[in-house]
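Using the hints, build the complex out of the two chains.
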Amino acid sequence: MPPSIHPVDLISALRQKHLTPAIVFLTSRRACDEAMEAFDHANCVLPTTRQEAIAKALEQVMARHPSIAEHPLISIVQRIGVAAHHAGHLPTWKIAIEELMRQGHLDAVFATTTLAAGVDFPARTVVITQSSIRKSRDFTDLTAGEVQQIAGRAGRRGKDHVGFAVITPSPYIDLSVLTKGLTGQPEAIDSQFTISYPMVLNLLKAHPHEHIQGILAKSFAQFQLNQRADVLEQKLDALHIKMEPFGPRVCTDWITQWHTFDHARRHRHTRHPTYRAEPPEISARLPFLTPGRVVGFSRGRGIVLRQYRSKGQRNSMLTVLRPENAVTECPVTSVKELYDHIYDCPETSAYPWCSTDTFDRLSHQLDELPLRLPLLPILVSSNSEPLPDAIVQSLEDFSCPTCPSRSACQKDFLTASRLRQEQQRHTKSIQALRTSLWHRFQERVEVLQKFGYLTLTTQLTAEGEWARLIRIDHSLLITELIRAEAFTGADPSLLAGILASLAHDDDRPGAFPRISPGLSSLLGQVRKLAESLSPYEDPPLLRADVAALVERWVADQTITWIGLCRLTTMAEGDIYRLLARSLEYLSQVQTLKGTHPGLAESASQAITAIRRGVLEELP
Amino acid sequence: MFHEKDMTTDELEQLLAQQPVAVLHRLARGRVQRHFRAGKRRLIELLLQHSSQNRAGFESDLLTLIGERQAPSPSGASRNPGTPPIAHKRVAIRSSDLEPSEPPISLSEWLQGIGVPTPQPFVQDPWQIEALAAVSETDVVISVPTGSGKTYVAIEAAGRAMADNRSVIYTSPLKALSNTKYAEFSKIFGADKVGILTGDRQENGQAPLLVMTTEILRNLLYDAASGEIDVRLDTLGLVILDESQYLADPERGVVWEETIIFCPSQARLLLLSASIGNPQDIADWLTSIRATPCRLVRHSKRTVPLRAGYLHPNGRLTPLFRTLGIPQGHPGHLHPEAKHLFIEYEEETLPSGRPRR
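Chains A and B supply the protein sequences, listed in that same order. For the first sequence, the numbering used here gives the first residue as 1, with consecutive numbering after it. For the second sequence, the numbering used here gives the first residue as 1, with consecutive numbering after it.
The shape of chain B in the complex, shown without the other chains (with noise of 0.2 angstroms):
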């Protein structure tokens, strides 16, 4: 490439400005401090400025990162390994993989059917009653979209063992919603059926339903090892973790693995987990050292469906994607009108030429 080494300031500037935001902060990393705070004007100035100190290392590092995006190469994997590699597959905004051939959708559709259903009567979910059926014999781990009804399940799952003459341990990551839930639970049971126990609540300890936070259940379970307490474990028909993504906390989640390895095995484990990438993982771990096989249940669909739009800056509305839904796994597949108003957008912030009115 000769033309790297004539290179004039404009021209650098203008190639600055045709890359994406995210190839200027890349850039930016290690040379501008609090880059992530600039606009892109700004961000581009004070990449400017700072090329002045060192133009060839900085250019051929533009080059470079204008090279991975154009040809994503495992190169892109070997700099920073350990990530999944999902995440190296760069789809550019602009490429034009497979668009589909049917025109896209109109605002006036896009906008279709907002609005406030009529009540139903509820009626269970395929999967909730596949849970529900399974609950009762085997542990369960649940992974579905966030407000697909998990709660009704631990609720149904609760009661139905209650009803057996077993105990039942609600717990999650929060204080806050522990008690919610408590408030819930002690709506729908009783409040004598319903206990809380956190750090420094403990009211109705010895009912049929304890609610609690993870951190609590793993010391009762400790102290049930070592033979101090004698919480009725043996009563324990069933355990419920709510929010069990929280494994993957890097602070937190070690609790949650202790809490799983040391559930007494004659409890059933309820696993309620919002979306996550490999349930098979979790529940095939289970299964590994739990009595019985343990039973997954997924699904991805919303409840409410969802749908995608893009506000411009002067109020414009559009659909952001082709599609009515989400297309996915075809992040590629923009709504013509969003992707041009975004462009706009990013031209809009350039440091050299006037915003366009």
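Next up, chain A with everything else stripped away, as it sits in the complex (with noise of 0.2 angstroms):
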């Protein structure tokens, strides 16, 4: 949202003042071109002298970046001495406003919070209009390490004694989080520390795999988890001194010691030693008339849907489907032979014991059963005797209820016990924090594995060999995509488009209504591969619309930059950033000369084509 100010009311109240040049800062790209609408709405017209002098300066910018000349936008710069400066504009655009900055010709740049993380680029006064910003779809509030970023673009070194930072409100200004963003301590930053798949690969190309461990705990993320640690080694030595009066007493272990003896005695009416009379045969059959089991009666064969004990029976009990949809309750001794035979089968809590699914599967199945079936055979022992149950002890069993320390257990039980989970719990999570990285590291390996880039050895196979010089986001669908051979023999136009889709992570919304067959039936192999690689990298977005744009920048040599963009909805600069981007991807996958030189020329016929007008003038 606009600030509640008119955008030229605002630079006229400031430069009265003298507090111009000034950036002012603006949630959207929107809003900064249209506050720069609002100016030429108002027929700001500059003094000629500016006006020429603005002339002037771009003419000298434009001799390095020919391909601002045509800007739409220069008129109007030109014109009313503001402009707006955000990611949608192209970067020789962004350049030519910061050199007019810097030369001091315009009065205010309206832009979003990017440039504040971006090049060098004061001003006298910085205005703040908003306490948010748009961080992946939803508005969080600025870190007071954000509003001072923002806030350290006011005041020009050797031409400012002062800088000034203005907050206007807006209609959702929290004023509280500007304020103490300008007086506080920025924050603490984190580590962001990820094992990706191509930083194994490398790690394990260097280094032997006992090294590894040493190399991770080098990491700034594992230096952070250290100090946590380090602060809970501090808390359970706290409680191992807390821990000290109840050290060992009569018996060594008392903690467990008293707590098995307390539930024994809680539970001592409970505990009925069962006693059924099944002979060992039967017994012995149990645990194999598990749901899904095939079982021969005196008539006819079933399927076992649960096996149960039901009071009034001496027996367990089946619940069985038989054929024609008929589900029958039968004791075990009816079942006469147990075939080898078994299907898939989840329990459920109600009648009919699983799914309806599963039902018409099993009922369908059964009907389509051949006449002959394996027999399980069942190894029944001799010595059927069930062994006494090791656990269970009688309460004669325990000393406690003579022993001397008897009502200081008692007494002090519930406290040790407590603290013992604690320092139990502590133990783990100190453990866990020493030894979180190499997991990670571990289960990366696992994967590399599986999918055969390393040897059980974890030495680097052939193909590990050139998956390693793949170092981007999304590399472990690349180099599958390149082992499925997706791209043998296609156009540079499909890689760089297929690239592209892999590359663009944003999702501000676009529009191309035309995609080639061929991209979009590659296009839809990727889709499967990258759901099918989805348990051990995220899937990227995919979109059709970027890689169709891509394609017909490389495809399509005639096409100019004012074409494409007129392709499409996307802003210039994202259009950019894309082919960029693009290009990028492109670079690695062209690092594979030795092993792929065809697919590696490929992608370097792809960057020529790609790099051309406004691409070629920024290297």
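Among the hints, a few may not be true.
[Stated by the list, open to error] According to the in silico footprint, chain B covers these stretches of chain A (three or more CB under 8 angstroms from chain B):
no. : stretch
1   : 15-22
2   : 148-155
3   : 196-202
4   : 218-229
5   : 337-351
6   : 578-587
Hint data in this document are derived by calculation from the structure and do not stem from the laboratory. Glycine residues also receive a C-beta, built at the ideal position from the N, C-alpha and C atoms.
So this is what it looks like as structure tokens:
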């Protein structure tokens, strides 16, 4: 939402107090463009001398970057002396605006907060109109670091005695966020260490497996994890001191002892020894009578749905699916044969003890069963007496009732066991903090072994040797695509299109109606593969519109930049970034010259084809 | 709270109107779609509309939020663990926390001193001298505000290393920034002394001073470790990592860590960073993994002092704080006029009652 004050009034108020040049930070690209239009509508025309100065400065920039010569905004900027500056513009245009600002020709620049983190671009005054910024679809409050980053643009070294940060409210501003940000300390930064597949391959290429843990331990991530672990260690030490009065008593581990005793005492009355008189050949069968098992009766066959014990019956009972969808209950003794044939049948808690789908499938499968089925060999042990449960102890086994420290144990048990649980929890988390990076590394190693980039002895395979050169996001998907020969014989434009859809991670909508059938089918394959790889790697957006745009730019060498921009609703700056990122991905593929000469050649052709017009100007 | 049950819609509306917008947004989270787009008045309308579905739940949420705001309690900390506690120290704007007794400054005082300073001969800041002395011996982390002259330290340090016949690598996070620095360094040291390596540009790759993006350096270090290429890493004397606060970047931060971990031990590291909260941690980390103990150079004083102002939508400008500069650590020291105007602004966006003119 734009600020409550009209942009023209805002700048004239600042100009009146000699607070220009200013950078006005707005929430959205659109707000920036609209502010500029507002100036245009208000007919704020600069004196001719200043217009000429701007024209002259722009000519100098044009000499270096001819692509901006026909920029539609030139005449407006010249007339009104303010400009918009955001990621939707071409880099060359942004350079021109920065140059104008540096030379002091502009009164104001309307910018989004991305500027704050970018190039060196100061002004006398910054105007803050918001207390939150859009981060991945939601608005979050500015952090102190971000507020200071914005305010840091105020005051040019050598050109100003003082810099000013002016806050002007917009409808959803929270002033306290800004005052706290201005007066507070910037936030501590945290490590964002992640272990990627190419990192694993490159590490294992250069270092033996046993050295890796030491290398990971050198990361800032591990440093910060260790800091947290140290805090826990201190807590643990404090707990040890607290535990001292509860040290060994008559028995060394009195807490567990008391716990078991207490438990046994409480459950004394509910524990019945169960005696079931089942002949050994029946009880040997029980473990096999699980849901899905095919069994034979004196007449016909059936599939077990569940096994249960019923109070009225001496024997275990079965619920069985019989032919013609009949569900019957019968004792296990009525089962004559057990077949070595089992179906998948997840148990559910209510009749018919499996889901409807499974039920339909099973009854169908029962009808389709072959006439002869192999029998399940079951070994009946002659010594079928069930072993006495070693864990079950009678209360007499405990020494606690007569123990001299019984009353002390009873009194301290709650505190002591709570302390000990805390101790165990801390020990576990310390363990996790110290080894989590290594575990994540091992997980990655296992995946790479599964896909055949690493041998079981963690040596790089031939595939791994080239795969480690792809050091970009979605590397696993890209290397798998190369292995699946998805790009074999593909045109450079197709390759560029696919890589563009992999590289583009922005979900700002764009529109491009036409996509070639070749690219469309290839993209379908890529989607399928990406989906199957999703347990190991987050799938990319794989937008067809951006793929088609890049394909067109590569395939149609006659299309101009303006023509390309007309094909889509994407902003110029976004198209530029898309192409630049595609270049980056293509140059990674190009490094596979040694192993995939055809593919590398195709990539380098695509690179030459992309680098023309605007993209040639900025190296 | 008995009135909780028989709160009329009007009362609720008034209560909502008294709350700061932040509370309303908190309340609207999960209730109103795209609530961040709405102004205060519209937000209250939307909330009231929504509250007809579950009035009791809505009111109790509102009262808890108000309670939380009045008494910042540990319950706030338990709500979202993981964020540093600093974020929960809610200081209400209207709180009268120990305001200084001297009168607030006037607008004319605040505006004094605008203008262009007369050009002065360049004098090194003490921190720059300190940093340059340290970088010849050991690794250095510099954390200073934007625009304090970090680039000067980079240039001087690079010049000294080159004079010593050691090569220098300078990295920046953005390609555009690399290109700017390449042009700048070429002007200072001469075009034959400076080279650039980016994803698709390789110029003068054998020059003693190489400018590149951090990703490229990371790749070089990996390739060198596996013995594939020979980039004179043994003569490498200095690695300058500009904008090191990118270490905390969710996507690319890992590249800075890899670069630092694999940086050859004989090369000095110079980390240039904007103001961050824990530069000491970074320095301690470097000390723990590098051969020599790392030096931290930090200060938070801006070269060009900063003043904050408040511009009311009617065009009135006042200082934002009572003091001329920024009252560090006292967000409550607002200028009475700014405070008054802002409350007026919040009230003007009330749902009921017309804006006062």
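Going down the list of hints, with the structure as the test:
1. 15-22: Since 3 is at least three, the answer is holds.
2. 148-155: holds (count 7)
3. 196-202: As far as the stretch 196-202 of chain A goes, the hint holds, because 3 residues have Cβ atoms under 8 angstroms from chain B.
4. 218-229: With 7 residues close enough to chain B, the hint holds.
5. 337-351: With 0 residues close enough to chain B, the hint is violated.
6. 578-587: holds (count 4)
In summary, the structure is inconsistent with hint 5 from the numbered list given earlier, while agreeing with all the others.
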